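Can you make the complete structure from the sequences, with help from the hints?
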Amino acid sequence: MDSHLTATVPARDTSFSGKTPSIVSQAAGGGLGEARWETWSTSVVLRLTDPRGLSAARNAVELELATIDRACSRFRPDSEIARVNANAGRAMRVSALLAEALTLALRAAWLTDGDVDPTVGSALALAGYDRDWRLLEQVPAGRSPERSSVNERTHAPTVRAHALCGWRSLMFDSATRIVRVPAGFAIDLGATAKAWAADRAAQAAAQTADCGALVAIGGDIATGGIAPARGWAVHVTDDHRSDHHAPGQTVTIHSGGLATSSTAVRRWRHRGRTLHHIIDPATGAPAQSRWRTVSVAAASCADANIASTSALIRGGGAPAWLARMGVPARLVSHSGRVYTTGAWPADRGRTQIQPAPQPRLRAVDTEQPHLTGEQEPI
Amino acid sequence: MSRLHRINRWLIAGSIALTAGLSEAAASAFSGNSTAKTSATKRSTGATRHSSPSVPSSSSGSVQPPAEAPRRNRESAPTQESAPAQESMPQEAAPAQEAAPAEESAPPVVSGGS
Numbered sequence: 010m011d012s013h014l015t016a017t018v019p020a021r022d023t024s025f026s027g028k029t030p031s032i033v034s035q036a037a038g039g040g041l042g043e044a045r046w047e048t049w050s051t052s053v054v055l056r057l058t059d060p061r062g063l064s065a066a067r068n069a070v071e072l073e074l075a076t077i078d079r080a081c082s083r084f085r086p087d088s089e090i091a092r093v094n095a096n097a098g099r100a101m102r103v104s105a106l107l108a109e110a111l112t113l114a115l116r117a118a119w120l121t122d123g124d125v126d127p128t129v130g131s132a133l134a135l136a137g138y139d140r141d142w143r144l145l146e147q148v149p150a151g152r153s154p155e156r157s158s159v160n161e162r163t164h165a166p167t168v169r170a171h172a173l174c175g176w177r178s179l180m181f182d183s184a185t186r187i188v189r190v191p192a193g194f195a196i197d198l199g200a201t202a203k204a205w206a207a208d209r210a211a212q213a214a215a216q217t218a219d220c221g222a223l224v225a226i227g228g229d230i231a232t233g234g235i236a237p238a239r240g241w242a243v244h245v246t247d248d249h250r251s252d253h254h255a256p257g258q259t260v261t262i263h264s265g266g267l268a269t270s271s272t273a274v275r276r277w278r279h280r281g282r283t284l285h286h287i288i289d290p291a292t293g294a295p296a297q298s299r300w301r302t303v304s305v306a307a308a309s310c311a312d313a314n315i316a317s318t319s320a321l322i323r324g325g326g327a328p329a330w331l332a333r334m335g336v337p338a339r340l341v342s343h344s345g346r347v348y349t350t351g352a353w354p355a356d357r358g359r360t361q362i363q364p365a366p367q368p369r370l371r372a373v374d375t376e377q378p379h380l381t382g383e384q385e386p387i
Numbered sequence: 446m447s448r449l450h451r452i453n454r455w456l457i458a459g460s461i462a463l464t465a466g467l468s469e470a471a472a473s474a475f476s477g478n479s480t481a482k483t484s485a486t487k488r489s490t491g492a493t494r495h496s497s498p499s500v501p502s503s504s505s506g507s508v509q510p511p512a513e514a515p516r517r518n519r520e521s522a523p524t525q526e527s528a529p530a531q532e533s534m535p536q537e538a539a540p541a542q543e544a545a546p547a548e549e550s551a552p553p554v555v556s557g558g559s
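Going line by line, the protein sequences match chains A and B. Residues in the first sequence are numbered consecutively from 10, following my numbering. Residues in the second sequence are numbered consecutively from 446, following my numbering.
Because the hints were derived from the structure by calculation, they are not lab data. Since the model is a prediction, treat every value here as computed from it, not as a measurement. Take every hint as true, because none was put in to throw you off.
Chain B side only, calculated, beta carbon under 10 Å to chain A, not exhaustive:
| hint | residue |
| --- | --- |
| 1 | ALA514 |
| 2 | ARG519 |
| 3 | VAL555 |
Covered stretches of chain A, as calculated for chain B (at least 3 residues, CB under 8 Å):
| hint | stretch |
| --- | --- |
| 4 | 49–57 |
| 5 | 239–245 |
| 6 | 258–265 |
| 7 | 334–341 |
Chain B is nowhere near these chain A residues, computed Cβ spacing over 10 Å in every case:
| hint | residue |
| --- | --- |
| 8 | ALA75 |
| 9 | ARG92 |
| 10 | ALA329 |
For each residue, glycine too, the CB sits at the ideal point set by N, CA and C.
Structure, rendered in structure tokens:
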């Protein structure tokens, strides 16, 4: 699909993998063990029902994440997916791990009719998200993330580019693990791989420590083993970096996963526009959603994340779709009104959308969309 | 008269045989399948080992709901949802938390956009 974002031809700096030194917190209260650290430019939280296994479980989680990073990171030039993208147009055999990640990504595209599309890599790069998030955050205020100083001095040629998306054009044989990315396309597994990593890490932690485990990677939450008697308490809100006093709702889960997608975070300025990372494959540009944040609980964190991302892109059609999927969800409009579907627990004073064939959305339709000071139409 | 009858019979028999032959030839040339067979073929395509983007072989048909829905947390009161804060410019990541003193119950883990 086409997008009408204008891009220069940048010299990319992708040498930073986003790893930072970590500090561990050993106590979480309630008899739980907890470790927190930073990786992939986001936070990781590991909780165990038995603190004695914390060190070994953390090692298992870190090993899992490092393995997935080497296979799936778009920002590492030495990653397997980077090599696949660099060889677009040619067939390549990939590792079993990357094949599993690709299978999940294609399943997500299939389940969501292409809302969650792994071929949005070019669109993300075109929108300026062409490097690790920490590097993007370091761009000074008012500057575009591309090397604007170079462009300003040398008047580098500006090209009109078209972002290519289309998961159906990706050729992948799971039996032989042969993949061929069409020329001009790029794979980005960011929409599914982080949640999938949380699922794998939670299972690894639970098996290693032989107890209940919760792993949260940047707000994508997965559980493994047997949960505490009162369940795992999770506070859903706009930004995973908030504390549990931020506006939102606290719920408890006993199994599966919970994911939150939001257009209110991971925003950046690009050529005078404020953009975010949820790409609508239909336009190749950041989604213009009527929801600012969607939280979904599902049997796995990967499925929860697939549903929450798709709901953001579907906009007004999201409640009916979520109800058809049978997943409990919480949707927050730009004005802050909260809607829930399925068996999501009602919050006091909130509007609940019944899982009827035609959910009542009139209340949402009449609201004025909230625009932040710097948000502009795309 | 009897010769005419005999010729007539031969002509009828011949035309029947010719019709049968032509029908057989046409059936071979333009072979078709029954509705049931067509459906079976489609299903087997979906079950093939070779996954294509349109029909992933190792997928379930929908997003899988949780075994148990989330429950309201009894220990926390709902907080008022507000409009999102004004766009903030990029900042350094907050430092990781130091060890916290033990509490009666653990504070909830935060799930938010990232």
